[in-house]
Structures are given as structure tokens and as C-alpha cells.
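Trainee: Quick note on the numbering used here: the sequence shown kicks off at 1 and runs consecutively.
Don't take every hint at face value.
Distance ranges between label pairs, derived from CB positions [as the list claims (entries may be wrong)]:
id, residue 1, residue 2, range
1, F128, D84, 19 to 25 Å
2, S102, S150, 45 to 51 Å
3, S126, E159, 23 to 29 Å
4, T47, Q72, 38 to 44 Å
5, K113, G151, 53 to 59 Å
6, S108, G168, 38 to 44 Å
7, S126, Y44, 20 to 26 Å
8, F128, R53, 16 to 22 Å
9, S101, L50, 41 to 47 Å
10, F169, D84, 58 to 64 Å
11, T47, S96, 45 to 51 Å
BS3-like mimics (lysine-lysine), calculated; alpha carbons at most 30 Å apart, straight line [unchecked claim]:
id, residue 1, residue 2
12, K161, K83
13, K131, K113
14, K100, K130
15, K161, K130
16, K148, K83
17, K100, K28
18, K83, K100
19, K148, K131
20, K83, K131
21, K131, K100
22, K31, K83
23, K148, K161
24, K148, K130
25, K113, K161
26, K100, K31
27, K113, K83
28, K161, K131
Calculated from the structure, these hints are not laboratory results.
Backbone N, C-alpha and C define an ideal beta-carbon position, used for all residues, glycine too.
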Amino acid sequence: MANNRQYRRKIHSKVDSIDSSFSSEMFKVVKILLAVIVFLAVFYFLTVYLLERDTSSSIVDTSPAEADIQYQEILAGNSFSMKDNHYFVLYYDMSSEDLKSSYTNLISTYEDKDEHYSIYTVDMSSAFNKKFSADTSNPSVQTVDNLKISGPTLIEFSEGKVVDYVEGFDAISDVLN
């Protein structure tokens, strides 16, 4: 009997130690979960507070912005495949602010006319268009494969075919005015 009591005490002590270690582990898990929840809540409210303060302190400008004239810029490789039946493509180096300003004014004047064709621009300073830049141009161009541009150039297209090929600012200005 004494042996049986000792055995029961041993079992009860093991069960008590298992219960206490289990509750200890559960308490650790609960503490970790609470810490994560508190961290996320603080982060959330801090973010909401900072965003709200940022948007409430900035003044939203609802006045209409000045119109920025954006002509349809295309890649040189798309010159022959535009949807319009009749259109112009103006090729020039847009990295030069003087040229860009001059041609922008020229295009604006042209588009102010009652009757005009669509006009597209190609930035020859763009890396995408470099393969079409050359020392000598090809005024008899008929396909994109033999398109070579050496300076400011205006090409008139009708149904995907070249109608007119003009080089230089003065000649381009004469065509568009």
C-alpha cells in the first residue's frame, strides 16, 4: 500500500508539473500575441494619424491647371502605320530647347488652322529612335526599313505612303504655314 501511495504521489507530481509547464507555455504564447497586437495597433494608429495630419495640412488646389500642349509623340518605327489616312510626321531633336520651342510654336500655328491634318512628332534624341538617325538622309524613303533622318524633317503620309519629304526649318515652316 505504501508503494501504491508513493506511486500515486509521483503521478500527481508529474501531472502537476505537466500542467504547470503547459500553463507556463500558454502564458508565454498569450504574452507574445498581446505584444504583437499592441505593436500592430500602435503602428496602425500612428500611420492613420500621420496620413490624416498630412492631408489635412496640405491645401488641395482645385483650380484648373494651365493646359500643357502635348502633341502626339510617336516612335520613328511607327511612322508608316498611323491610323489616319493623311498625316504629317515631324522628326527633330527634342533635347534642344530652342528647336523644341520653335517647332512647338510652328505646330501650334498649324493646328490653329480650320483645316489641317494630324501631326505627329518623333524625338530623334530618344534612344528608341537612334537607329533611324544618319549622317545623310534618304528623301526617297518608301518603307520604315530605309528611313534615315539627318536633321529636322517633315514627312507627309497618305494611306501609309510618303507623299512629301521636307528638310530644314524654313522648308518645314513653308509647308505648315
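Trainee: Taking the hints in turn, state whether each one holds.
Mentor: Tested hints:
1. F128 to D84: 19 to 25 Å: Hint holds: Cβ distance 21 Å, inside 19 to 25 Å.
2. S102 to S150: 45 to 51 Å: For S102 and S150 the Cβ distance comes to about 18 Å; the hint is violated.
3. S126 to E159: 23 to 29 Å: holds (27 Å)
4. T47 to Q72: 38 to 44 Å: Because 42 Å falls inside the window, the suggested range holds.
5. K113 to G151: 53 to 59 Å: violated (25 Å)
6. S108 to G168: 38 to 44 Å: Once the Cβ atoms are compared, 20 Å apart, the range 38 to 44 Å for G168 and S108 is violated.
7. S126 to Y44: 20 to 26 Å: The hinted range 20 to 26 Å is violated for S126 and Y44, with Cβ atoms some 45 Å apart.
8. F128 to R53: 16 to 22 Å: violated (43 Å)
9. S101 to L50: 41 to 47 Å: Because 43 Å falls inside the window, the suggested range holds.
10. F169 to D84: 58 to 64 Å: violated (24 Å)
11. T47 to S96: 45 to 51 Å: With Cβ atoms ~46 Å apart, the hint holds.
12. K161 to K83: Distance ~12 Å between K161 and K83 Cα, so the pair holds.
13. K131 to K113: violated (34 Å)
14. K100 to K130: The hint holds at about 18 Å.
15. K161 to K130: holds (22 Å)
16. K148 to K83: With a Cα-Cα distance of about 22 Å, the restraint between K148 and K83 holds, given a limit of 30 Å.
17. K100 to K28: violated (69 Å)
18. K83 to K100: holds (25 Å)
19. K148 to K131: OK: K148 and K131 at ~8 Å, within 30 Å.
20. K83 to K131: holds (23 Å)
21. K131 to K100: holds (21 Å)
22. K31 to K83: Between K31 and K83 the Cα gap is close to 67 Å, so the pair fails against 30 Å, i.e. violated.
23. K148 to K161: Roughly 16 Å separates the two Cα atoms, so the pair holds.
24. K148 to K130: holds (10 Å)
25. K113 to K161: holds (24 Å)
26. K100 to K31: Between K100 and K31 the Cα gap is close to 66 Å, so the pair fails against 30 Å, i.e. violated.
27. K113 to K83: holds (21 Å)
28. K161 to K131: It holds: about 21 Å lies between the C-alpha atoms, which stays within 30 Å.
Hint compliance for this structure: hints 2, 5, 6, 7, 8, 10, 13, 17, 22 and 26 are broken, all remaining hints hold.
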